[in-house]
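S.K.: Here is what each chain is made of, one letter per residue.
Protein chains: 2
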Amino acid sequence: MHSHHLDTWELPAWALEVVEEWDDAEADDEARMQLAIDLASCNIAEGTGGPFGAAVFDRVSGRLVSIGVNAVVPSNCSHAHAEMMALARAQRDLGTYDLGTAGMEHELVTSCEPCAMCLGAVPWSGVRRVVCGATDDDARAIGFDEGDRAPDWQESLQSRGIEVVTSVCRAAARDVFQQYVDADGSIYNSRES
Amino acid sequence: MHSHHLDTWELPAWALEVVEEWDDAEADDEARMQLAIDLASCNIAEGTGGPFGAAVFDRVSGRLVSIGVNAVVPSNCSHAHAEMMALARAQRDLGTYDLGTAGMEHELVTSCEPCAMCLGAVPWSGVRRVVCGATDDDARAIGFDEGDRAPDWQESLQSRGIEVVTSVCRAAARDVFQQYVDADGSIYNSRES
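Protein sequences, first through last, are from chains A and B.
Residue numbers for the first sequence follow our numbering, beginning at 1 and rising by one.
Residue numbers for the second sequence follow our numbering, beginning at 1 and rising by one.
In short, the hints are calculated from the structure, not lab data.
One thing to keep in mind: the hints can contain errors.
Chain A side only, calculated, beta carbon under 10 Å to chain B, not exhaustive [unchecked claim]:
1. 8
2. 72
3. 75
4. 78
5. 97
6. 98
7. 99
8. 124
9. 125
10. 126
11. 150
In this text, a Cβ means the ideal position worked out from N, Cα and C, and glycines have one as well.
Use the sequences and the hints to build the structure in full.
M.R.: In structure tokens form, the structure reads like this:
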């Protein structure tokens with residue numbers, strides 16, 4: 001499925017090309033989501049991981065701060081979900097573990113609603129807004145497991161001052177899951193092995 | 001608080017000395033927990049992070065596979081909890097994202113019950129057993145936030161075939177929290193900033 005090992009949070013080589021084509025100007029939720037979806041789609045086409053993409057944006061300037069793709073298999077790390085990578089890379093590049101410190105305001109855009117791990121990581125990361133594409137039901141429909149989350153996870157985040165927006169470009173995000181199934185992609189679920 | 005930057009999953013230098021003194025022979029849950037607690041205690045004394053330690057053991061041989069300490073501040077990464085580091089390092093060293101594959105059987109020993117993120121990471125990691133020291137209430141008592149977890153998280157893990165044992169050496173684990181408070185340690189809670 002993949003040709004070489006990646007370090008944790010290391011992007012596959014093709015991802016830099018996707019970023020080069022990105023234009024911050026006048027991007028809205030849909031445009032930002034399309035970037036996350038493009039990352040997920042390319043990740044399938046390039047054979048570098050699962051069908052998930054994410055990005056962190058500066059909410060003040062609109063600037064793209066970081067991107068992430070699912071890299072569980074090539075990085076040999078079950079933490080390497082797209083959201084985790086995007087958050088970790090943003091924190092590393094900005095030199096802080098808190099993306100909400102010192103007047104900064106960031107948002108996470110993810111091609112699919114976060115699993116239990118990524119959801120738990122969101123408040124610690126300091127982001128103030130989460131934008132989701134495909135729903136957890138969409139992920140489950142192709143065999144991925146979102147884990148055991150609090151049923152009221154959207155309200156939980158909102159009660160922490162984190163805005164949640166769901167089903168942005170959902171149909172396009174879901175199409176990527178079908179692309180993965182058609183490509184005979186691996187559904188890695190450790191606990192079932 | 002810390003003297004230099006750490007890469008994600010990088011151990012502080014002193015941690016290697018703790019491992020060198022470790023003896024697998026005849027170790028039981030209490031001895032393994034004491035290692036996790038020692039890591040948490042040293043992490044405070046050395047000023048390299050929060051009061052949390054963890055380790056992964058091979059359940060078949062009893063071998064210590066990896067260790068982790070909280071390194072959120074020195075690594076500029078909010079994912080760098082002790083459990084996440086121990087799991088990631090075990091996966092990296094063994095060359096697999098699934099610690100339960102190919103006949104392997106591993107357990108995670110952590111000085112405190114996992115937060116929402118680490119709890120979500122457990123099933124994906126492939127470990128088959130989780131041993132906890134201090135309780136979530138103990139962590140909350142000194143101001144740490146465990147996040148929004150499913151209230152029946154122990155049952156959820158067990159329903160996935162992951163054994164959970166809690167309150168092993170709880171008093172000693174809790175003492176480390178008090179050590180942290182006495183040392184005027186930082187309680188980093190991004191969402192409150």
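S.K.: Taking the hints in turn, state whether each one holds.
M.R.: Results of checking the hints against the structure:
no. : hint : verdict
1   : 8    : holds (6 Å)
2   : 72   : holds (5 Å)
3   : 75   : holds (8 Å)
4   : 78   : holds (4 Å)
5   : 97   : holds (5 Å)
6   : 98   : holds (4 Å)
7   : 99   : holds (8 Å)
8   : 124  : holds (4 Å)
9   : 125  : holds (5 Å)
10  : 126  : holds (4 Å)
11  : 150  : holds (5 Å)
Hint check: no violations occur; every hint is consistent with the structure.
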